[in-house]
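All chains, full assembly: derive it from the sequences and hints.
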Amino acid sequence: DGGITQSPKYLFRKEGQNVTLSCEQNLNHDAMYWYRQDPGQGLRLIYYSQIVNDFQKGDIAEGYSVSREKKESFPLTVTSAQKNPTAFYLCASSILKGGLWQPQHFGDGTRLSIL
Amino acid sequence: AQTVTQSQPEMSVQEAETVTLSCTYDTSESDYYLFWYKQPPSRQMILVIRQEAYKQQNATENRFSVNFQKAAKSFSLKISDSQLGDAAMYFCAYREETSGSRLTFGEGTQLTVNP
Numbered sequence: 002d003g004g005i006t007q008s009p010k011y012l013f014r015k016e017g018q019n020v021t022l023s024c025e026q027n028l029n030h031d032a033m034y035w036y037r038q039d040p041g042q043g044l045r046l047i048y049y050s051q052i053v054n055d056f057q058k059g060d061i062a063e064g065y066s067v068s069r070e071k072k073e074s075f076p077l078t079v080t081s082a083q084k085n086p087t088a089f090y091l092c093a094s095s096i097l098k099g100g101l102w103q104p105q106h107f108g109d110g111t112r113l114s115i116l
Numbered sequence: 493a494q495t496v497t498q499s500q501p502e503m504s505v506q507e508a509e510t511v512t513l514s515c516t517y518d519t520s521e522s523d524y525y526l527f528w529y530k531q532p533p534s535r536q537m538i539l540v541i542r543q544e545a546y547k548q549q550n551a552t553e554n555r556f557s558v559n560f561q562k563a564a565k566s567f568s569l570k571i572s573d574s575q576l577g578d579a580a581m582y583f584c585a586y587r588e589e590t591s592g593s594r595l596t597f598g599e600g601t602q603l604t605v606n607p
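Same order as they appear, the protein sequences are chains Z and B.
Read left to right, the first sequence gives residues 2 to 116 (this note's numbering).
Read left to right, the second sequence gives residues 493 to 607 (this note's numbering).
Quick caveat, the hints were computed from the structure, so don't treat them as lab data.
Careful: at least some of the hints might be erroneous.
[Stated by the list, open to error] Cβ-to-Cβ under 8 Å is the rule here; a few derived chain Z residues that face chain B:
| id | residue |
| --- | --- |
| 1 | LEU44 |
| 2 | PHE89 |
| 3 | SER95 |
| 4 | ASP109 |
Fair warning: this is a prediction, and the values are worked out from it, not measured in the lab.
The C-beta atom is built at its ideal place from N, Cα and C for all residues, glycine as well.
If you want it as structure tokens, here you go:
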């Protein structure tokens, strides 16, 4: 079945450590996105990429980095500069059809916690 | 920047009854899309319904319908014949067509369905 796979499901980070969250899609979607969700809050956009080797900052990009070397993969690195990384992270993807972006599909998320 | 506001942090409904969730947004654009996403306890984001701003007719998907008031910048979701499986966090989201595919989410409304 086609879909979006996020791994790991749970991730723990020590202070001062960088960690990378994986997001892979086999939907042949053009665009991929990373969102952060804090308890009781909506999703906030971290980074997004609409084509390979190109990406744009979202609303809360500080302390995060991404790459888009392959169409199906969009890993997110949470760097030590992100002072409050504990959150639920969601990856999404979308396809461009007939000049219109289709609704985003989401992965199951990764919960990141600080040790 | 566009903003999306959901003024009801929590709502409850009796099984088989109807409930309406509110959403307002702020934009100066005329071409955009609006969405309602559902997030059950599993944390997966599921598209419920979408509305194109240029369409005057309100979108409907089975028991789910919207009341789109473009001049008032209001986009409410009506759930008819509520079922226990409708219990979830509901997010309203906005997408501006001139700025690509990125979504802006509201804070969410937690819906409880009472048996």
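Hint check results:
1. Taking 8 Å as the C-beta cut-off, the interface hint given for LEU44 (chain Z) holds, the closest approach to chain B being about 5 Å.
2. The closest approach between the C-beta of PHE89 (chain Z) and any C-beta of chain B is roughly 7 Å, which is under the 8 Å cut-off, so the hint is satisfied.
3. With 8 Å as the threshold, the beta carbon of SER95 (chain Z) comes within range of chain B, its nearest partner Cβ sitting at about 5 Å, so the hint holds.
4. Contact between ASP109 (chain Z) and chain B, as hinted, is supported at the beta carbon level, the nearest pair being about 6 Å apart and thus within 8 Å.
Of the hints listed earlier, there is not a single one the structure fails to meet.
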